[in-house]
Amino acid sequence: RKEVEQDPGPFNVPEGATVAFNCTYSNSASQSFFWYRQDCRKEPKLLMSVYSSGNEDGRFTAQLNRASQYISLLIRDSKLSDSATYLCVVNEDNYGQNFVFGPGTRLSVLP
Amino acid sequence: DTAVSQTPKYLVTQMGNDKSIKCEQNLGHDTMYWYKQDSKKFLKIMFSYNNKELIINETVPNRFSPKSPDKAHLNLHINSLELGDSAVYFCASSPSGTGGPYEQYFGPGTRLTVT
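Line by line, the protein sequences are chains X and G.
Here the first sequence stands for residues 1 to 111, numbered as in our numbering.
Here the second sequence stands for residues 1 to 115, numbered as in our numbering.
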């Protein structure tokens, strides 16, 4: 199985800061890309899908570079509630059945 | 209504025992999964089923046996439990087929502790 790698973290940032996470994947045939968020002792939940043209959802912006096999997540104006582990996820097939998770990057937003 | 449910939420048992974890989804999804998240928090796929058919079977000891009685249920049976099996086990489901991308929905997890 190919791998997904992420910034090791943890990231400790003050409220209001902008923080960026990076992710690389090794399977060039990967089809879909996601950022999930996992709170402590909870299940992962979808934060956003990542599209080739880049996409934004409020304070969150995701970018995909297929040529470099690189995905990023930018969080602007960090809130305390953004503290969590952010998981980069790659779907390696055409049918939505083969997902590979990165190890996650932990973010702590400090008051 | 809970979308993906797992039972039990906590499971403490001794080495050598056999235990099962149950998972149910009411989302009408075709595909269900079992993941293991170990103490280092790395989430790794174990099995994937599509319409009751095994699709993905990662390198998992054969002490682990998934069973899907119908497409809404995927259970995990573990024989002869070992200390290294201690982890959080997550069930998930997603739609499948062409036309994605498809989001995965996770259950709350089962925290297994083997003593």
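Careful: at least some of the hints might be erroneous.
Among chain X residues calculated to face chain G with C-beta under 8 Å, some are [to be verified]:
(1) 12
(2) 53
(3) 56
(4) 87
(5) 103
If you want the ones that stay clear, here's a sample from chain X, every Cβ over 10 Å from chain G, calculated [stated by the list, open to error]:
(6) 17
(7) 29
(8) 32
(9) 111
Source of the hints: derived by calculation from the structure; they are not laboratory data.
From the three backbone atoms N, C-alpha and C, an ideal C-beta is built for every residue, glycine too.
Outcome of the hint check:
1. 12: With a closest approach of 17 Å, the residue 12/X hint is violated.
2. 53: violated (14 Å)
3. 56: Hint violated; residue 56/X Cβ to chain G Cβ min 17 Å, cut 8 Å.
4. 87: Holds: closest Cβ of chain G sits about 7 Å from residue 87/X, inside 8 Å.
5. 103: holds (5 Å)
6. 17: holds (23 Å)
7. 29: holds (14 Å)
8. 32: violated (3 Å)
9. 111: holds (24 Å)
In this structure, the earlier hints numbered 1, 2, 3, 8 are contradicted, and the remaining ones agree with it.
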